[in-house]
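Keeping the supplied structure of chain A fixed, place chain B upon it in accordance with the hints.
Protein chains in written order, with the numbering used here: chain A, -13 to 346; chain B, -13 to 346.
None of these hints come from the bench; they were simulated from the model.
Wrong hints could be hidden among the right ones.
Since the list can't tell identical chains apart, any single copy or any two copies may satisfy a pair.
[Stated by the list, open to error] Listed below are the simulated BS3-like cross-link pairs for lysine-lysine, each with C-alpha atoms no more than 27 Å apart in a straight line:
{"no.": "1", "residue 1": "Lys264", "residue 2": "Lys328"}
{"no.": "2", "residue 1": "Lys157", "residue 2": "Lys58"}
{"no.": "3", "residue 1": "Lys141", "residue 2": "Lys328"}
There are 2 protein chains.
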Amino acid sequence: MDLKIEHVDDLCTGAAFLGAGGGGDPYIGGLMVKMELQAGRRIQILDPDTVPDDWLVVPTFMMGAPTVLLEKIPSGEEAIRALRSVEGHLGRTANATLPVEVGGINSTIPLFVAARLGIPVIDADGQGRAFPELQMETFAINGVRGTPLGMSDEKGDVAIILTEDNHRMEKIARAVTTRFGGTAYVANYPMSGEQVKRASVKHTLTLARKIGGIINGARAQRRDPFESLIEFLVTTSYSTAKAIYSGKIVDVDRSTSGGFTLGYVTIRADGGGLDDCKIVFQNENLTAKSGSRVLAIVPDIITVMDSETALPITNETLRYGQRVVVMAVEVPAIMKTPDALKQFGPSAFGLTDEYVPMSG
Amino acid sequence: MDLKIEHVDDLCTGAAFLGAGGGGDPYIGGLMVKMELQAGRRIQILDPDTVPDDWLVVPTFMMGAPTVLLEKIPSGEEAIRALRSVEGHLGRTANATLPVEVGGINSTIPLFVAARLGIPVIDADGQGRAFPELQMETFAINGVRGTPLGMSDEKGDVAIILTEDNHRMEKIARAVTTRFGGTAYVANYPMSGEQVKRASVKHTLTLARKIGGIINGARAQRRDPFESLIEFLVTTSYSTAKAIYSGKIVDVDRSTSGGFTLGYVTIRADGGGLDDCKIVFQNENLTAKSGSRVLAIVPDIITVMDSETALPITNETLRYGQRVVVMAVEVPAIMKTPDALKQFGPSAFGLTDEYVPMSG
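Extracted from the complex, chain A is given alone in its bound form (with noise of 0.2 Å):
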């Protein structure tokens, strides 16, 4: 299937809901696609299914502060720098792209690079949603070597990193996105066909777009956008979903530390008699709880919306008084695995709560 210029606004809304509060704001990189589509650029976007064993797939994407993106806007060669120098260390050219992760900004980086190089997007990611490290990756967890790993910016240059331990090169990708100025492009993650269908969330790309699609199609249609996504998702292997607190906004504590975004949001229910609801963020809502009650915990993805529109609000945009919506959905069979418990669950974030899925 082609994605059209019609699909790409759904599909950037769809990945700031998947994004959990995180992921970086996808407009700039929505941009970017419209305009490679206009001028008449083909993005094909594949379904992982029919992808084959032999091909070499690599992800694309954008690490650092979504924040300095906006004052530093990639002119799109960055990631393709990033992607070709894999190839050169590999000796081999990618058959195709796919994002790394489908909630936020990098949901629209490897269309971008697709529409640009000619090649597909695999309907597939990493995470499923928007998670803040690269060993937070289904790839990961199912035998997929993180490196070689290509970094390059907006002045040319390039970094290869190559390692056996996926911690390691998230430190030292982050170290080296922080000389280069706050962002960088990446690639890395190379695998065959055969590794995407088994290594990977599916369909994503899609699950994104029908999502943004009910939500910014909610007013035409007349109908409830928060009903309408709880009956389609059951549909999808997301499964669950559940609007799990509502109210206002009535305190929000945000800081930068260490390069994420950390912080807490508190609501409060209207008409009272239930205990405030606390979201607390690693760049990406963690948890919600009411009280000592824990309402959704990551992977489960946690969003805040604003309760007319139901459009997503991102942790950078959260402030006091906007009434909200939280909704919930848990995550496909994929990232709840034992293995994708431990490199994304609540213990890899310090929490001590359990992982307990929404449907109970």
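Chain B only, in chain A's frame:
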């Protein structure tokens, strides 16, 4: 000429002298080289003027905190892996290696690499002493590209850096070194034999060995090592050497910041009458002043030596009460050009004093 095991201690002493207070203690590097020679391996030292123009020559060295080196003894494979990663990127095998700096431990790393790989070491380097940063190289000043740079650590991790800008090469590699745990082994400035002849400070390994021989042999020969050194250096491209001050250390201020050892040492002349001598350092000694009078200034070499043994004292081991002689040595012509002074003269270290060579 082949390096003999009985030359190694002299080479290390001379390298410490040329280290100008920094460069790291060559002791561990010397041990590694001796073990290679004892194992029957050969280290051929090649005159730079005899290197074929079309050879690929790649310097190898260690970067980071010499203090960490003592806790994280290298296996030697680190530097070889760094060299191999540059070779892999260029698609060509190195014909020889050489030091980036003859001062301190980095005089010894290429000797070890050469022994293991069975390639010669060129009798030349890119600093003619020691300097703290990667762009401070006669290679750079004379048009050799700094990258591809390859670096590795004891865990086997590798980073390859590509940039047109040697200052950015320094900053990125420094950040990776920190993530590697404080030390890294590096290969960069890959160059042709023709470039070696044009861009290096020549015959500096031999120089180091001879300087060390004079210091280590003085007692047995009942000669004054300081006078012997001055007499010897006047016959070399370093030409002018002087004992600029002698006395007792009365104050040492030393701190570690941004990966550098910063501080000063104050020396009081015996008998009084002279203003104290204050030597300021950033890893290496930068200026020696008596009152407001500049006795010596970078890039000339300022080395504090034990007044009894004439052994060089590195800045990590300076302490109150030591009786010392301060020697200063004028650097060769290739290190005093306007371009060279821009790269590693007083202003490169933020000093406002002008460079005045030892010969006045």
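Quick rundown of the hints versus the structure:
Taking the shortest Cα distances, Lys264 and Lys328 sit within 27 Å of each other inside one copy (24 Å), while across copies they are farther apart (56 Å). For the homomeric pair Lys157 and Lys58, the shortest alpha-carbon distances inside one copy (23 Å) and between copies (20 Å) are both at most 27 Å. Taking CA atoms no more than 27 Å apart as the test, Lys141 paired with Lys328 passes between copies only; the shortest distance there is 23 Å, against 37 Å inside one copy.
Violated hints are absent here; each numbered hint is respected by the structure.
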